[in-house]
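Chains as they are written, first to last, in the UniProt record's numbering: chain A, 1 to 315; chain B, 1 to 260.
Hints were generated in silico from the structure; no laboratory data involved. These numbers come from a predicted model, not from an experiment. Don't take every hint at face value.
[Unchecked claim] For lysine-lysine, the following BS3-like pairs were computed, each having C-alpha atoms within a straight-line distance of at most 30 Å:
no.: 1; chain 1: B; residue 1: Lys108; chain 2: B; residue 2: Lys17
no.: 2; chain 1: B; residue 1: Lys5; chain 2: B; residue 2: Lys17
no.: 3; chain 1: B; residue 1: Lys142; chain 2: B; residue 2: Lys212
no.: 4; chain 1: B; residue 1: Lys243; chain 2: B; residue 2: Lys142
no.: 5; chain 1: B; residue 1: Lys5; chain 2: A; residue 2: Lys110
no.: 6; chain 1: B; residue 1: Lys108; chain 2: B; residue 2: Lys142
no.: 7; chain 1: A; residue 1: Lys110; chain 2: B; residue 2: Lys142
no.: 8; chain 1: B; residue 1: Lys212; chain 2: B; residue 2: Lys243
no.: 9; chain 1: A; residue 1: Lys110; chain 2: B; residue 2: Lys74
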Amino acid sequence: MGALLNQRFLTLVVLAAVIAVLPLLFPSSYYFRVASLVWVAALAAIGLNILMGQAGQVSLGHAAFFGIGAYAVAIGPTHLGIPSWAALLIGAVLSAVLAYLVGRPILRLKGHYLAIATLGLGVLVALVISTESGWTGGPDGMPVERLTLFGWRVSGSYTWYWVTGALLLIGTWIALNLDETPTGRAFRALHDSEVAAQVVGVDVARFKLQAFVIAAVYASLAGSALAFMNGFINPDQAGFLHSVELVTIVVLGGLGSVVGSIVGAAVLITLPQALTVFHEYEHLLLGLIIIVSMIFMRNGIVPSLSALLLRRARS
Amino acid sequence: MTILKGTDLGISFGGVKAVDGVSFSVGSGQILSIIGPNGAGKTTLFNIVSGIYVASRGTIHLADEDVTGLAPHKLAARGLSRTFQNLQIFQRMTACENVMVGRHLREKCNLLPALFRTPSVTRQNRETRAAALDLLAEVGLKDVADVPAGSLPYGACKRLEIARALAAEPRVLLLDEPAAGCNAVETEEIDHLIRQVADRGVAVVLVEHDMKLVMKISDRILVLDRGRPLAEGTPREVRDDPKVLEAYLGQHGAREAARA
């Protein structure tokens, strides 16, 4: 118990230290921007990992909630005169409500069937966003008003580095909190054996839905943050490829590992930047690296490496 | 006092009557064993009683309340707990966490306090862990409390399932072949454990192939054959029933039963 508490605390301290120290190594504001993109993607992935890694349910349409968060802070202030911060909350609530309503029927499905149903949800939301051009600017996207908090106008890649870093820290803390609670245990139990979870009294449908809603809210907040940061938003953020990217981050980093989602996001966001020197081979190499790392670290980067280190330490 | 009662239960799968007109009842502190050859419908009956299958006919009463067709988690909330013939442990969780999940119904489980880990959540977690460790000690698994359940040997997993089922503090416990694949010493331990549980006032329904164990600890025995009830009575009555002897225990089983 004490050890587990320490492990959680240690993870947060290390993460805070990394966020604090990284800027010392950054030669230009471009690095701040890339790092902020990592923090945002990691936030969304941590949420999705609660659904996929802990509760064992897949979502192939998770960018839908990312898009809802992003478009909420774009549409709210521009078309409806809602303050930016309130639009962010409204986006999160909308995502939660949609996840709840859609989750109730589709979370009865399992495996591939659930994957296709969530895929459908993602496609539907992306379609609405790109066709309702009067509200969303259609395929061209739309500008997002800057976030203003208590008269403080949040802008610039340096500022956003710290804002997204703080968000990630909070998101990590909450995800780690779940671990040693009845809710977290119920998630992991239904992942391993639904029938056994049921007979000890776990309302499986309820907990799947909770995980889905949590994941949706994480994605929505990440989407809002990205929209504010970029000052611009387009339907790609809600699209299928972005959903796949989120799933890739979760699986690459390690299912069920909070730190894994952060590492996965770091790899998947920074690698393409680093690989640009290879020009047209960039995507080829990215794909190769992902394949090779999945072959040699099939449980994901973080769980595989920590198991390896543990074995080394013992021998 | 009868706590669990099934009346005229039946279910078919594609025209095959897996369970057909089976009735039984068990009282607090009693041990009822259900025996019969493979395919007799024992596990199917368990699945009906625990809410995993919905019976196509018949009723189930738990403490005088009609619970026919209730979902498993609702039956669990009314005091019914079970183990599985094919192990259903939470492989990726530790042994202790497995039992802690068993305490689910005894815990307050609200999402927001969990997400922000309020002091009450931490306190409750400590209590749940202590209760789980006690149960693990009872089944002799305290040493492996923090080992992932997936890496435990088979016999240990069997006992872990019993501990998890007991963690819910059930009024009725269904045990599906708890001694299967266990050696003589382990079977002896399970025998002892089942008696202890029954002595505490829990009604135990047991499906088991180990005739020695069944004859020794059962208060009553129900014999099934191809989904239908064949005989019912005390171990002595069932043992002396020529139909049962010939068809289901066989000569070898009869000899073993006589020795027990």
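Hint-by-hint comparison with the structure:
1. B/Lys108 - B/Lys17: Not satisfied, since the Cα-Cα distance of roughly 41 Å exceeds 30 Å.
2. B/Lys5 - B/Lys17: holds, 21 Å
3. B/Lys142 - B/Lys212: Holds, at about 28 Å.
4. B/Lys243 - B/Lys142: Answer violated: B/Lys243 to B/Lys142 is near 45 Å, above 30 Å.
5. B/Lys5 - A/Lys110: violated, 34 Å
6. B/Lys108 - B/Lys142: This hinted pair holds, its Cα atoms lying about 25 Å apart.
7. A/Lys110 - B/Lys142: violated, 35 Å
8. B/Lys212 - B/Lys243: holds, 19 Å
9. A/Lys110 - B/Lys74: Holds. A/Lys110 to B/Lys74 sits at ~22 Å (cutoff 30 Å).
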